[in-house]
Structure formats: C-alpha cells, structure tokens
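Colleague: As they're listed, the protein sequences go chains F and V.
Sequential numbering from 1 applies to the first sequence in the working numbering.
Sequential numbering from 178 applies to the second sequence in the working numbering.
These are computed hints drawn from the structure, not numbers from a lab.
Just so you know, even glycine gets a beta-carbon here, dropped at the ideal spot from N, CA and C.
Hints are supplied without guarantee of correctness; some may be wrong.
What the hints assert, rightly or not - Chain V is faced by these chain F residues, among others (derived, beta-carbon under 7 Å):
1) Thr65
2) Arg68
3) Ala72
4) Val73
5) Ala76
6) Glu153
7) Glu154
8) Val157
9) Ala161
What the hints assert, rightly or not - Covered by chain F, according to a simulated footprint, are these stretches of chain V (three or more residues, beta-carbon under 8 Å):
10) 233–243
11) 264–278
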Amino acid sequence: MNTLCKSLALGMAIAVSTVAANANEPMNDLEIAHTAYTAGGLDIRYAHLALAISESDAVREFAQTMIRDHSAVNDAAVALITKLDVTPQDNALSQALVEGAAAKRAELMTLSGKAFDCAYATNELGYHQIVNKTVAESFIPAVTVEPLKNLLEEALVTFRAHEKHAEHMVAGLKCAG
Amino acid sequence: MRGLTPITRRRFGQGLGAAIALTEAAGRTRAHAGTHEVAVRIDDFTFMPSKIEILVGDSVTWENGDVAPHTATALDRTWDAGPLERGAHGRVTFTEPGEHRYLCAFHPHMQGSVLVRHRDGG
Ligand SMILES: [Cu+2]
Numbered sequence: 001m002n003t004l005c006k007s008l009a010l011g012m013a014i015a016v017s018t019v020a021a022n023a024n025e026p027m028n029d030l031e032i033a034h035t036a037y038t039a040g041g042l043d044i045r046y047a048h049l050a051l052a053i054s055e056s057d058a059v060r061e062f063a064q065t066m067i068r069d070h071s072a073v074n075d076a077a078v079a080l081i082t083k084l085d086v087t088p089q090d091n092a093l094s095q096a097l098v099e100g101a102a103a104k105r106a107e108l109m110t111l112s113g114k115a116f117d118c119a120y121a122t123n124e125l126g127y128h129q130i131v132n133k134t135v136a137e138s139f140i141p142a143v144t145v146e147p148l149k150n151l152l153e154e155a156l157v158t159f160r161a162h163e164k165h166a167e168h169m170v171a172g173l174k175c176a177g
Numbered sequence: 178m179r180g181l182t183p184i185t186r187r188r189f190g191q192g193l194g195a196a197i198a199l200t201e202a203a204g205r206t207r208a209h210a211g212t213h214e215v216a217v218r219i220d221d222f223t224f225m226p227s228k229i230e231i232l233v234g235d236s237v238t239w240e241n242g243d244v245a246p247h248t249a250t251a252l253d254r255t256w257d258a259g260p261l262e263r264g265a266h267g268r269v270t271f272t273e274p275g276e277h278r279y280l281c282a283f284h285p286h287m288q289g290s291v292l293v294r295h296r297d298g299g
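Build out the structure end to end from the sequences listed, making use of the hints.
Modeller: Below, the structure written as structure tokens:
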C-alpha cells in the first residue's frame, strides 16, 4: 500500500518537477486552470469508486465530502472561466495526472474490504499532499489573473482541510503493519 | 430545542445591523429583555466566533463564506443548521440552557459551542 502510494506521489512529483524544471515553458494561467480542474475531477472519480466498493462509514463519509467539495470548487472554476470567457488548456501535467489516476483506479478496483479502504485512504492523503504542494508552491505564485489566484487560494484552504481529514482517516483505519 | 428555520438572504439583510451589533457583544450576557439573534461566520473552515454565549430563546445564525458546503450540527444530532452552500444561512433557536457543542458534519474537525444561559442570569 505504502509503496503504491509512494509510487503515485513520486510519479506526480516527477511530472510536476519536470514541468516546473522546464523554465522555457512555464505553465500559463489557462494551463494551471486546466490542471487544477482536472485534479479535482480525478478526486471525484476516486470518491465514486470508494462509494461503490467501501463499506466503511469513515471512508464513505470522506468520499461524499470529496464529491461535495471538489464539485463546489470546480463549479466555481466553471463560473469563473465562463465569466472571463476563456478556455483552459490541456497540458503535460494534466495528462500525467489523468494517466496516473487511471492506473491507480485500476489497482483500487482489484481490492475490497480493508485492503481497499487502506489503499484508497493512503492514496487520498498522498494525492492531497502533492496537489496542495503544487498549488501552493507552483500554481499560486505563477498565476497572473487575480480572480483565478483568489480561487486557487480558496481551493487550497479546502484541499488542506481534506489533507487533514485524510490523515485522520488513515490513522483511524489502522492500516500500518 | 427547535429545529432549523431557514431564512432568506433578504430577511437576513434586514436584520444585519442588529446581528453585527450582537456580534460585537458576543461572549457577554446581555441583561436587557427580548430575544436576539447572534451571527456566526464560517470562513476558511472555521466557525467565528467558535464559542458564543446567549440567553434562552435567542437564535444563532450561521453564514457560510466558503466555497465548500458546511453544516453546524449538534454533537448529539438534536439540531442541524445545514447544509449551507456559499452565502447561505441557517438559524437555530435555543430553548434549553446549557452548553451545546456542535461540529460540521462534512468536516468534523470544525467545532464550536453555544452556551445558553437562563434569562434570570443563572
Ligand atoms: Cu465543513
């Protein structure tokens, strides 16, 4: 489980740092918007998988909160891009996230019971950690449009609450060992 | 304990001046007669103020300023002001004295309390 989680976090970290290291092509506002929206949508897909498989109240309540909150953030993002009349741009980081999440979902779908709960919970913790680090250290400093920066800052508050919630979920499931 | 009384943004706006005045007085027991409404803001996943003190018959109105929906739900589930989307309000009138602890049912680390005192100062 830990290995899976670390490999996902590592894969995402590499994707993020590869993009970040390419100073010739820093992500623009529209790419950042696309990736932030994509990351939220992927977490919603993980949550639907959890609701289909898990029988743990703690896991199911967490998953419902992920759907509720990421939907609210993404709805706010749609409202903003509609108001600004712009189209988010697909990019290498969004594609890496989509591929990584597809592989992770395939792994999760082979599991059930406590094995699934622990794999989902540790993945949620790792996912929010790396997304939050990316939003805080890469996206918010880089973004130039003020309303988009405001939305990312507000999203970060939400995602950090999720990270804390995921820590409690992992601890409560007693997965280690 | 009476349940949630949903109020509209317009009605809330009419009482806003009073609510602001009461927010400034939050934490102190008011000696004068009549029931009041105390406002609690929800911003950045925090109830503000997280602890309030009111008298029997007073109401508390929670307003959510976050993009994420929240609730204010009694730990014993006897009352629930929510779910509240951004900009929404939920009101609960407290008729039982004592400390009423609550949390957000969606984000359980968010917690607060309402201390309800008797009108005679007890
Ligand atoms: Cu909440």
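Colleague: Tell me, which hint numbers fail for this structure?
Modeller: 6, 10 and 11
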